[in-house]
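Keeping their order, the protein sequence lines are chains B and X.
According to this note's numbering, the stretch in the first sequence is residues 1 to 203, in order.
According to this note's numbering, the stretch in the second sequence is residues 1 to 166, in order.
In short, the hints are calculated from the structure, not lab data.
Computed footprint of chain B on chain X; a stretch qualifies when at least three of its residues, placed anywhere within it, have a C-beta under 8 Å from a C-beta of chain B:
1) 55-61
2) 99-110
A few chain B residues that don't get close to chain X, going by computed Cβ distances all over 10 Å:
3) G51
4) T52
5) H89
6) E90
7) S93
8) P98
9) L102
10) M103
11) I107
12) F111
13) A113
Stretch by stretch, here's where chain X covers chain B in the computed footprint (C-beta under 8 Å, at least three residues):
14) 53-65
15) 76-83
16) 122-128
17) 132-142
18) 155-161
Only a predicted model underlies this, so the values are computations on that prediction, with no experimental measurement involved.
Positions of the beta carbon are idealized from the N, C-alpha and C atoms, including for glycine.
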Amino acid sequence: MSDPSPNHPAPAEDAESEPRPGRVRKPIGWSTIIIAVLVAVSAALVWRRDGTDGVLDILTHDLSLFSGILPRVLAGCLLGAFISEILPHEKVSRSLGPKSGLMGLLIGTAFGAILPGGPFTAYPVASALLAVGADFGATIAMVVSWTLIGYGRAVAWEIPIMGTDFTLWRILISLPLPVLAGALGRFVYVRLYPKPLAKDDEN
Amino acid sequence: MSAALLIDILLWGSVIGVGLIAFRRGRPVFVASLREGSMDFINIAPRIALGVIGSGYIAAIIPQEVITGWLGPDSGWLGVASAVVAGAATPGGPVIGFSIGTVALKSGGGVPQVVAYVVAWALFAFQRVILWEIPFMPARFVWFRCAVSVPFPFVAAAIAMVIGKP
Numbered sequence: 001m002s003d004p005s006p007n008h009p010a011p012a013e014d015a016e017s018e019p020r021p022g023r024v025r026k027p028i029g030w031s032t033i034i035i036a037v038l039v040a041v042s043a044a045l046v047w048r049r050d051g052t053d054g055v056l057d058i059l060t061h062d063l064s065l066f067s068g069i070l071p072r073v074l075a076g077c078l079l080g081a082f083i084s085e086i087l088p089h090e091k092v093s094r095s096l097g098p099k100s101g102l103m104g105l106l107i108g109t110a111f112g113a114i115l116p117g118g119p120f121t122a123y124p125v126a127s128a129l130l131a132v133g134a135d136f137g138a139t140i141a142m143v144v145s146w147t148l149i150g151y152g153r154a155v156a157w158e159i160p161i162m163g164t165d166f167t168l169w170r171i172l173i174s175l176p177l178p179v180l181a182g183a184l185g186r187f188v189y190v191r192l193y194p195k196p197l198a199k200d201d202e203n
Numbered sequence: 001m002s003a004a005l006l007i008d009i010l011l012w013g014s015v016i017g018v019g020l021i022a023f024r025r026g027r028p029v030f031v032a033s034l035r036e037g038s039m040d041f042i043n044i045a046p047r048i049a050l051g052v053i054g055s056g057y058i059a060a061i062i063p064q065e066v067i068t069g070w071l072g073p074d075s076g077w078l079g080v081a082s083a084v085v086a087g088a089a090t091p092g093g094p095v096i097g098f099s100i101g102t103v104a105l106k107s108g109g110g111v112p113q114v115v116a117y118v119v120a121w122a123l124f125a126f127q128r129v130i131l132w133e134i135p136f137m138p139a140r141f142v143w144f145r146c147a148v149s150v151p152f153p154f155v156a157a158a159i160a161m162v163i164g165k166p
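With the rest of the complex left out, here is chain X (with noise of 0.2 Å):
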């Protein structure tokens, strides 16, 4: 509940603030700003609609004990890989990534497995690929983004093998 208040008072602040400085560069650029987010807006709500209500139904198909299944505890370079896949196969938000990840380290999977698991959950989660980034920005730099992010998650659970538990 704080957080999230928080989180929009930074937000509307920062909207104000960067607003502030466009209406000091003149009205003309002002209002045109705020046209051109304002019609953003309107291209993007119809699109996160369909994300946001949809997600659900995506979530309520994939059974999360497949994802939690495939976190293998100690199962080295394979777990890794199988983690990467899990992540960017979980549906939902961050409670559900984080707390998948929580499951697995609590039912004995490796670190670096997790590890590998919540960067790819946060790099290339398909549910937020689709639903979030892909409205927003256009599609060819999303999936080269994607595609470039793919060593990460191995990079990361490597740098984890490498310097140990938390």
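Looking at chain B on its own, in the form it has when it is part of the complex (with noise of 0.2 Å):
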């Protein structure tokens, strides 16, 4: 499911075990570019509202912010790496690829929910799973069980701040969602490649 990547130096110690489909890594996309855009202009508009002042505020605040989430940054990648080496790639493509059915969706929902740690845990293991032929689906069901019923942010932030009763009760209103959610991106992602080499964009 991943983009091939022709380009991606394979390293020599792999030569023995199978190959794994690397992942593309572009140090700078268009993606980085808009945000730093954007970036620098609510830099210029707070700059303009609360003068030098304001800007090195909020600098200093999410310099520190930024030095303490790092440590986790890196957990988070070696984490993705470790477990896109250890899964073995026609497994994971068994149990969670695209002809794994109700099963991947419920695997990936499962799994969303009992992974620790923040986005800088998920979205590298998200990518990592990817990366070993898991499909859009069941990665879609990984990723929204754990922004929706993963117990991290529930129990950190969300019964804290908006009291048990509500949490639990949005908890259990979100359950079937995470499966829904990967049912309809396997359904779209069918109709929209209907082959993995077909090029036809339909924008």
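The two chains are supplied separately, each in an independent frame; assemble them into the complex guided by the hints.
Take a look at the structure:
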């Protein structure tokens, strides 16, 4: 499901194991440029409203936030890399691939719900799953499950702020959504990209 | 504090756990994945820096009263639709998202609307999508996931309307 990368520098040590589909990393993409422009415009607006002090206030606060997050980002990246290395490719594509059916969506949902950590864990791990043969449907189920019914955010933020009753009730309502989102994703994906090799852009 | 500590312990515990499994597959596997993970980290860190530091500025220029105002009380499906837009547009982290939800609940916002708001915020708060999700995942997957997620805040609101209040 992930883009094939002919220019991925495969490590020589991988020779004895089966070649692992690499993940494409572009240092600077369009998304990065758009974000940079958005941030620059916002910072300019803050500067016009609050002056240099306002800009520096936000900068120092967010720099300390960033230094606190950085070790967790490292942990997330290592987790993703280890998982993509130790998960057998054909087994993942069997249990989470396009043909895995409802069971694949349920596995993705359960996996997202029990995954510890924040975005710094969930996204690298989801990216690793895509790289080792999970399809869009199962990965969507995992990401949506992590964000909607994962216990991490609920325990750390939602229960203290919104209260236990609302949180539990909201999670109960959200229970079917990851599976439905994964099923819809699969349903649309198959129609949008009938064959993996077909290049019919419909927009 | 203790919740953050617990998350760190779980996180690094998982890293050590899967790292040990990789190590038992042989040193080359372990070293290769260690290098792969470090390269990912080096590639992603600048983008996370841009995101985390930049998000403060984006949050600073979007007034929160605007978003709370959109969550009008007992506004039916129109209210649900504006809750979805408000959820997607809410800047900042979980503290801001859930606080706005609480404020909306306390100031008489409809429960299905607030559920739609929280679910929409969880599914596609634009800041988390562009600052966290896109750096880590293939952009095509991220846009596709957001597109198929659009109906689900409405589904959640519908379920909330059917089963009633907490």
